[in-house]
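*Asks:* The lines below spell out each chain.
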Amino acid sequence: MPNPEKKEKKFEPKIVAFFCNWCTYTAADLAGVSRLKYAPNVRVIRIMCSGRVDPQFILQAFASGADGVLIGGCHPGDCHYSEGNYKMLRRFRLLQRVLKVLGIAEERCRLEWISASEGDKVKTVINDMVEKVRNLGPLSIPAKMSDIDEEIKELEKEINREEVPQHA
Amino acid sequence: MRYLYYPGCSLKSTGKSYEESLLAVFKALKMDVVEINDWNCCGATAYMAVDETKAFAIAARNLALAEEQFNKEEEIHVIAPCSACYMVLLKTKMFLEQNLAEKGRIKNALKESGLNYEGKVKIRHPLDVLVNDIGVKEIAKAVTHPLKGVKVASYYGCQTVRPYSTFDDQREPHTMDDITAAIGAESVDWPLKTRCCGASLTGTIDRVGLPLSFMILKEASKRRADVVSTSCPLCQFNLECYQDNMNKQFRNDIHIGVVYFSQLMGLALGIDPKTLGMNRLFVPPENVYKIMKGGEKVYV
Amino acid sequence: MDTTIDVKSFAPNGKQNGYNGKAKMINRKIKYESELSSDFKETIAELAHGEKLYGCIQCGTCSATCPVSHYMDYTPRKIIQMVREGFRDDVLKSSTVWLCASCYSCTVECPKGIKITDVMYALKREAISAGYFPKRFPTPVLAENFFAQVLNNGRNSEGPLLMKMYMKTNPFNALKNTMLAFRLWKTGRLTLKTEHTKDRKSLKKLLGSIDKQKEALAK
Amino acid sequence: MSNTNGNGTIKGITPRIGFYICHCGHNIAAMVDVEKVQKFVASLPGVVVSRDYKYMCSDPGQELVQKDIKELKLNRIVVASCSPLLHEHTFRRAVEKAGLNPFFFHMVNIRENVSWVTDNREQATAKANALARAAIQRVFFHKSLETKKVPINPDVLIVGGGIAGIHAALTIANAGKHVYLVEREPTIGGHMAMFDKTFPTLDCAACILTPKMSSVKNHPNITLWTYSEVEKVEGFVGNYKVNIKRKPRYVIEELCVGCMDCIDACIYKEAKYPDEFNQGLSKRKPIYIPFPQATPQVVLFDPETCIDFKSHRCKKTCIEACDRKAIDLKQVPEYKEINVGTVILATGFKTYDAEKSPQYGYKKFPNVFTSLEIERIVNASGPTNGEVLTKEGNIPKSVGIIHCVGSRDEKAHKWCSRVCCMYSLKLAHLIKEHTGAEVYNFYIDMRTPGKGYEEFYDKLMNEGVHFVRGRVAEVTDWALIPEEEHKLTIRVEDTLIGVVRRIPVDMVVLAVGMEPREDAQDIRRMFNISCSTEGFFLERHPKLAPVSTFTDGIFIAGGCQGPRDIPDSVAQAGAAAAEALSLISAGSIELEPNTASIIESFCSGCKSCIPLCPYSAISFNEGTKKAVINEALCKGCGTCVAACPSGSIIQNLFEDEQIFSEIDGLLKFAGIELEEMEVVNA
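Residue numbers (my numbering), protein chains in the order written: chain A, 1 to 168; chain B, 1001 to 1300; chain C, 2001 to 2219; chain D, 3001 to 3682.
Possibly wrong hints are sitting among the right ones.
To be verified - When the alpha-carbon atoms are kept at most 20 Å apart in a straight line, the in silico SDA-like pairs for lysine to any residue are as follows:
(1) C/K2115 to B/L1029
(2) C/K2201 to B/N1108
(3) C/K2052 to D/A3412
(4) D/K3363 to B/Q1170
(5) C/K2031 to C/R2084
(6) D/K3411 to B/Y1164
(7) B/K1012 to C/G2050
(8) D/K3241 to D/E3463
(9) D/K3414 to C/V2108
(10) D/K3177 to D/V3237
(11) C/K2201 to B/Q1170
(12) A/K123 to D/V3237
These are computed hints drawn from the structure, not numbers from a lab.
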């Protein structure tokens, strides 16, 4: 039951963010304490280390309707767990190739190093990403998936129809 | 490397000897330098005071002309010897990089007049090119008449090193002193290297401008400089041509040569003084000539 | 806002305990909030491309480093504070903006990164468009004439330009400098001929297009 | 991929969720429509009760939760309030008190992440709804967990032997715990030992510091290692393993009694190398003791300048002079390995390099000094025996003190260094006392907040010191009038008058600010803590945890955390010592049970997780051909979990299912998008 009035509004992208507990989540807290205002489109999931971000999380977020995914970790060399952020970076590079194949624009998935003291960077990164994703428009994978589902159903029906006479 | 050359209005009139000496030096150092076709005024400081967009537009036209002329080059190096032109062109380039809306407007306007601007131009000051591209070693090698014993007060003025240029220190510049050393002369250590000469005020409100020029010359002669070396046509004009007015107004007897650094370079490279425009000077640098001939210098 | 009271009116014979009535005046200075323009600081910040001027700590480095601040009626530091607080008329009428020689010392030295020279340019433009500049003050006249010359010819011709400026501001000055002009002419450094670019149409088009775009933007 | 079914039962568990949203006074309620969120959550499956309350963290707020747990038999609790970094522990404890395992609790951050950063009430409420929904969905998958306790090694490492390190060391040692105090320089004392007097009381710095220095040296509970550096740190709170390098002094510390006979005997009869302690204003020999009260009282060699190290052809008169045979020119670095439970970093600060502000002419004009140089010059045991003289040897008639050199300047440091106004006043007083000169203070703003500080300023004004409000543009030898000849002229706008002044002086003092040490970043990495943007060590909370860091068991004190004066450094050092002692007294610390473990039946034995673990917590069991995680070593980063191709590693508190359901909840719930849900509920 979508509200027709709401559809006319400017497209508001939904962005899921994974912030590491020690640097970026703390920076986001600092942004809050400093009352920096930024776009409300990003919803944060706290994890202990950016190394915990499984590529599946990112794919799942897109599949569930996210228009963008942001990962925030400590700067290289600053990881609370020595090098979880490097591991994430390696995985991220691979994932970007996969996303390209899937037709998901590079700007929709972003990895940023934000240290605990960089509250203002949280603001600029989020605002910048929201703006870029807004320009890209909705990704709406769930809708596309259901379209594909419909198509598959139609195809199945057709196949069944064609197959019926043979069995008859 | 090929260079384009943007003379600006002053180098065609009051600063004629700057152009003459600079081109002679470039030639002596075997540099490939071509003047920009049909360039227009950079807008200087006055234009900025009236209409900013137009000021940037006319300056940008020169950048576009440079790109048109050197369309095959990846990076186009434009030498702008006049401090004001150098600063204005640099400012324009930086401003257009930072303000995309304004850049769009100016690009549109350029398109209407049949030009295009991509941003491939690099604005270079001759001091920058000579010290960083050619190198003081090469310059020293080319010297045939080292100016041994000549004490030079390097006067950079304001806009050569401020506020956008990065080729030299903004507070303690040294490129001109490097060249002074390369041609065998001696630099005077003095605190007024970048102090304002009064710029257009010397001509417009002489009550304010003239003392500024006077203080600079007085300090230079107090520190026993034989000659003041400049890199700006307006500085050279203010410091040299108003010496009579200064002496009258401040009841003094200042008499010190104010030349372009390129003129000193030219003398050291053995270029004939007339080619360097030395004949156009109001106050010939007598001490330099005397020392070059092996005579004793005289301080007035 | 400033009311000047002649001291003489207090003293029967024009003198008061060694007070020379002619030389000393009592000036009344007060500013009412209603006289100020609250949006002036935003206007100037926009024109000068920077809100950094809001962060001025009034340290006076600009004034101390300025080669001409001792001639200004308000030092550059005061100008920044006056802009921030909306003293529009006083700022635009001041001699300060016209004395700025654009040497950029203040911009380089400012500990808060305020582009003071650009603020001065913004104030010059604002003063010209508000018609506030002193009529016989040479700097704005030079600026306007320079502007017109480049608009018409593409290049600036120093000789004719200076002549025009002197004629408009102080014809006596032109006479004073005749000797200088003669020597420049003799050494080949001055022509009274007007310089211009070959392709004057292209420049006209360029500037015309800017005007058009600006009009469109205003709409 | 939704994990709920219609009636909210998952895998046979029926969650009974309690949801509580906090107003936090106006902090949240002003931007988030808390009532709307409360009603929205009430409609979600599994939610038994949904309430909003003014202050959830208050006692009545916590009691509300506890009452509901008991009466409504809740088995999951979600609180939407501030950051979990602030109050997660508070609520977990409350939940535990009510008899529920604390890990059935989850916290939603709608203050730092929503109300404080959003300026549109409608959007803020929608964001809060989404975050709350994600949490509700997440807690379905929460499990009962046990916390792990680790014992705390009672020994403490203190890095840095300035006043902060000294005070912290004495506090802990007096409490009966053992302290290792490691100092890089050959002596403890730090910057304070260089000062002449302290403001505002004008106590002699050495008189109040040296007794503390010798107490450190003689304390049975303190192991003092000077001329030593920390090289490596491993481990975690309660049990850090630290490697320390003791640089060779070429003098056996235990044998040397500090008689200095060797120094007299050195074949260099004249001292000719710049003395570090006196800022290079005096000279020392290749064998030296930094200053008379240096602690320990042990001489050392400077191999850079000693002839024997350069040519091996010295007569070694020093060795002959030492009757205790303490000199050993073949000494090599000594390496120590210690185990400590907690660490206090008091590594101090550095003064701004005045050469970076060339307009003030430091190093260009001989009579321009830094404040630290003047501290030595006015000191009776300093290079001039306390006589304030210009380089020409004259008593200055006028002295200018320039404030804020390197501070409040975008080209140098943006921050105010906090101490310069006060020490400039102190130096003004001392210079005036020593010379009778006219003293000018050039300041931007006078900052004297502290006990007795404003009174000191008042005293100085009455002493006749000049105060000119204006930042100096330039110190120059450019004389415009005869009075300025052979002097340094200061050009400044007297901003209170609005006039530019030129003031000729004989001597200029630059009040240099405080900045982080060059190697602060290396130290930070070694101890796994953070730095603020300026480069000072970052505290856990600027107000509530000013000496703690984000790494448990590591505390900070003194100038390494930011510019501060002596009383503040001492107070911080005491606080850091108390924090360390409180951990030691507790004997053990509870760790988050967020460790990883392997589901053996799923593990394929691919070994890809093993090299990923930075703590070597994963090993391979050759018998079962499966990986094994040692939970005692695991720190809970989850990197191995994300990398396991067979999905056989789970991380407590961050299980895949929990995060998947959280992602899902952020975007949709049971396949329905938020906007649509709101319409349904309306």
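*Asks:* Compare the structure with each hint and give your call.
*Replies:* Structure-based check of all given hints:
{"no.": "1", "hint": "C/K2115 to B/L1029", "in the structure": "violated (38 Å)"}
{"no.": "2", "hint": "C/K2201 to B/N1108", "in the structure": "holds (16 Å)"}
{"no.": "3", "hint": "C/K2052 to D/A3412", "in the structure": "holds (17 Å)"}
{"no.": "4", "hint": "D/K3363 to B/Q1170", "in the structure": "holds (18 Å)"}
{"no.": "5", "hint": "C/K2031 to C/R2084", "in the structure": "holds (15 Å)"}
{"no.": "6", "hint": "D/K3411 to B/Y1164", "in the structure": "holds (15 Å)"}
{"no.": "7", "hint": "B/K1012 to C/G2050", "in the structure": "violated (36 Å)"}
{"no.": "8", "hint": "D/K3241 to D/E3463", "in the structure": "violated (55 Å)"}
{"no.": "9", "hint": "D/K3414 to C/V2108", "in the structure": "holds (16 Å)"}
{"no.": "10", "hint": "D/K3177 to D/V3237", "in the structure": "holds (17 Å)"}
{"no.": "11", "hint": "C/K2201 to B/Q1170", "in the structure": "violated (39 Å)"}
{"no.": "12", "hint": "A/K123 to D/V3237", "in the structure": "violated (33 Å)"}
In the structure shown, a violation is registered for the earlier hints numbered 1, 7, 8, 11 and 12, in ascending order.
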